[in-house]
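Protein chains: 2
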Amino acid sequence: MNKMEKDYIEQTISSTTIYEGKIIKVDVDKVRLPNGKESFREIVHHSGAVAILAISKENKVIMVKQYRKPLEKTILEIPAGKLEKGEKPLDCAIRELKEETGYTASNMSQIAKFYTSPGFADEIIYLFKAEDIQPGAAKPDEDEFVELVELTIDEVNELINDSKIIDAKTLIALNYWQLEILKKRL
Amino acid sequence: MNKMEKDYIEQTISSTTIYEGKIIKVDVDKVRLPNGKESFREIVHHSGAVAILAISKENKVIMVKQYRKPLEKTILEIPAGKLEKGEKPLDCAIRELKEETGYTASNMSQIAKFYTSPGFADEIIYLFKAEDIQPGAAKPDEDEFVELVELTIDEVNELINDSKIIDAKTLIALNYWQLEILKKRL
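From first to last, the protein sequence lines are chains B and A.
Position 16 (the first sequence) corresponds to 16 in the UniProt record's numbering; numbering is contiguous.
Position 141 (the second sequence) corresponds to 141 in the UniProt record's numbering; numbering is contiguous.
Chain B with its partners taken away, still in its complex shape (with noise of 0.2 Å):
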């Protein structure tokens, strides 16, 4: 730990969890910050999740057009899901490319892991390559309705131009892919 990080430290005083869901729990941490003041820290706790950059031999991403109710509207992302407790990043990015899209991948690597939003959340997301993909039977949890989209690097492109891609794991992955076309080109 550098000299920054310890003076930067706030202190817990207390911890009360407001709620504990299915999918997150909520708690408010009364800290003490770096100048000695107190305050309180809303924090969403979440079992973190795995999203999968898929792309099969056309040269195409694998892509989900599923309902999101916070939004309250339709968006397209990666396949993604949520870890199950105790399982490893790599078994969830296996099981949930399979369940949500029907593909299966020969090979299946780690890219990237951020966290998706550190100022009130500790979801962290482990980014996934799938490569040698082959086309299988979906298999979405019973409260899960998808629509498999697959598109080229073009079409990806335009989306994002026109903000028709607003998912930022998804945004991720595909720049990731975007600039791996570029490497190879330059």
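Hints are all accurate, no fakes.
Remember, identical chains collapse to one label, so a pair may be satisfied in a single copy or spanning two.
Calculated pairs, BS3-like style, for lysine-lysine (alpha carbon to alpha carbon, straight line, at most 27 Å):
#, residue 1, residue 2
1, 73, 37
2, 30, 65
3, 37, 139
4, 73, 25
5, 30, 73
6, 129, 82
Don't read these hints as lab results, they were simulated from the structure.
Based on the hints, put chain A in the right spot on chain B.
Chain A in isolation, oriented as in the chain B frame:
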């Protein structure tokens, strides 16, 4: 609205507010699924935020190190902050860049918008690019402790490859910068 969106909508049967805090409001909505069954959705409401990709005359990106209580660690991010009630994203971007880093920009334009965690939260981030920036004195909030860091694109790429940059909005902004640089070289 196309056929798919209509079919997949989850109708709200009832909504219960569990918590109303300073930063987040937590609701549990009882919904009717597309298959007619009932389910519950846990939803975190957030006022939205801005983030700023600011590049200096020396071609360095302006970043901040900040302790994030939900993660219990200090991470490296681009400047960002929450929208105040009724505040326009552009005004918020100008204000937050000044408060957190002291920099002011001659030109500030929106380059993306995205939802950080559409599965359980409605937080949206408007990403701006600040151009022709001038240094000045920072004015952080009284419960905000940040340290300024300025990095070249090579330093950024090394940190990304080493998984030292692990914030979603920051990865999106830095990939945007990287793509811009690569496209100029093609």
